[in-house]
Amino acid sequence: MIPNYLMIVPESVGLSVLIIIGGIICVFLLLYFGRIPAHRAIKTISYSVRNGMRMTAKSVLLAEKWLVQRNREVLLAAGKEAVERTIEREFHRVNSVVKRDLSGYPELQRMIADQIVNIEEDYRESSEVLPPAPDWVKAVDAVAKISTRSDSTIVRILESIHKTVNDQFKAAMQAYRQSMTERHGLLSKMTPYWRKLAATLEKVGRTITGLQERATVIDKKMEEYEAIRSGADEAERVLTSSSLTQFFISGFVLLIATGGAIINFNLIALPMSEMVGGGSYIGAFQTSHVAALVIILVELAMGLYLMESLRITKLFPIIGSMDDKLRIKMLWITFLILLILAGVESALAFMRDMIAMDMQALRQTLANSEVIRPANSWIPTVGQMVMGFILPFALTFVAIPLESFIHSFRTVMGVVLVLVLRWLAFILRLIGNIVLNLGNLTINLYDFLIVPFLWIENLMQKKPKAEKLHSQEESA
Amino acid sequence: MKKRLFIIPLLLLFAVTFSSCSESGSHSRGVYMLLDTSGTYAQELGKAQSIINYLLGTLNPGDSLAVGRIDTASFSEKDIVAKVTFDNRPSVANGQKRSFKEKIDQFVASVKPSQYTDIAGGVLQAVEYLNETGAGNKHILIFSDLEQDLVKGYVRDFTIQMDGIDVVALNVTKLRSDNVDPRKYLERLDEWKGRVEKGGGSFRVINDLERLDALLTN
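Chains as they are written, first to last, in the working numbering: chain A, 1 to 476; chain B, 1001 to 1218.
If you're looking for bench data, these hints aren't it; they were derived computationally from the structure. Certain hints may be false.
Stated by the list, open to error - Simulated restraints on C-beta separations: (1) 1202(B) x 312(A): 55 to 61 Å; (2) 1132(B) x 265(A): 53 to 59 Å; (3) 86(A) x 1058(B): 56 to 62 Å; (4) 265(A) x 1155(B): 52 to 58 Å.
Here a beta-carbon is modelled for each residue, glycine too, at the ideal position from N, C-alpha and C.
Make the full structure from the sequences, and use the hints.
Next comes the structure, spelled out in structure tokens:
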């Protein structure tokens, strides 16, 4: 029995089977006679697809190469700028050290010279003066040779001379001791000068050491700068790795900041409904929520401007390149706006606590329970107010990780895009090869379907050959 | 020319912002609760009070709430016990809620059972009120056994237009006769469901008053 759907001629199985077999033979014959064009078509399609894929992959790889080059340029430029900034900062530090310490160097030198002069003078004054040459020694010798035995007058005279000499000796000794004391006094007066001189020289030494350290840092950075300028692979690798680290660290800090912003939002969203109304909507969002969000975004923007004005970040070059007076004006204005916003937030936090307490009381009333005021209810109120005041300033510092994130994002995105393009090229080539092989497989399957016809064809081709060979042998 | 090009999208932005600002009505909710005060059902009003308290705790500034009674002839403004559209400021809205609760408490304490039950009249009154509020989400809560008992001559067998209104039957108690033949209870529910849906509204039944969180969800 054959299924109903194969019953082409109803109630005649034999005829149906015959028609089906005839149809199958016709199909196979068609396949056999259309073999060469079919093979050509399959080959053309598979080769076209393969070539198309290869060409696309080549284009993608070219794009990838261009992107790698571009990434390298951007990375090196960014690295160059960063090192330039560091070197600039180091030079500023050196400048400030020189200004602070070495600008007073002439004065210092004069002071040291004065001290040296003082010390020299004191030293000169303290030097020992030789007592005058004893001219009267010869007279004493002559007197000593006079005989004293015969004449009492001479004895008296000699005794008088002896007494006078003794008195003079004592006076000379006293004068000598006094001068020695004065010299010692002068020498002890020199001690503070020496100490002061030593301290001054030590200070100069410290300054010079600090400058040497800065010079070492500058040298190191200059080496980095040279490496970047020469476009060394090592410098590129270091910069890429540094960018990736920066990306993840700044991303993490931004996540923390987002948490802070969400807390801030929750702190002011409810009391904002007291200002702008709790029943009005902008699109699908409550106006109070949008207003709270706008306040936080304005705070963030002010924080960015403040950091730019302080030249901590460089997201807006126009602010950084402003005239110093104007920049400082802007700094104060943004700080003032932030201060006002912080005050507003603090007040809103207070209002939030009041509304929350009122709502709690209402819920208790609706539940027909006694209204209970929590003990020490001022603690959360003050806590919320302090948080409301601090968070805007804390959010100001988001500018720093944001700048790092933006700068490193470019590099990371570049690296990711390169990877994507490489994979895309690989997949395109793979698809091309698969299609080509599928084409070959289809050709083989095609031949497999018409194997009997091919076998007959093969036999037919062999027979004339065999007959030809046989006749050739006979004639030979 | 460039300046003008810059101004056009700015104006469009303002237009979109202000047009969306006026959308507040579409987000607000309007709730009308009908309290059946006929016969023995008046004793159930204590439960209705807790439902109203739940509503007062749930509704936001800008929403509207009204409570009307079902009595002999319910299609009347006099049957509105209390109504309020909450102020946009939460602190003022809280005060309104307290005042509303007081009114309901007074009503429940002084209510007298009515002889007849005109549910359809009450629903008609509720539809009128809700359409006037212009609320985006409209709910009619029927706190009743849904057994209508009209005075002779009162015509209520017509289709009430209630497009987009969500009707919730609450605490539909089974009558003594329902116990004898439960089909009567089911027929009552089906009849009201048919009437509401014919008018363009949707109909739900919540008998478990512990599941009030599903009360105002469409």
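A quick look at each hint next to the structure:
1. 1202(B) x 312(A): 55 to 61 Å: 59 Å, holds
2. 1132(B) x 265(A): 53 to 59 Å: Given about 36 Å between the Cβ atoms, the range is violated.
3. 86(A) x 1058(B): 56 to 62 Å: 60 Å, holds
4. 265(A) x 1155(B): 52 to 58 Å: 56 Å, holds
Checked against the numbered hints above, the structure violates only hint 2.
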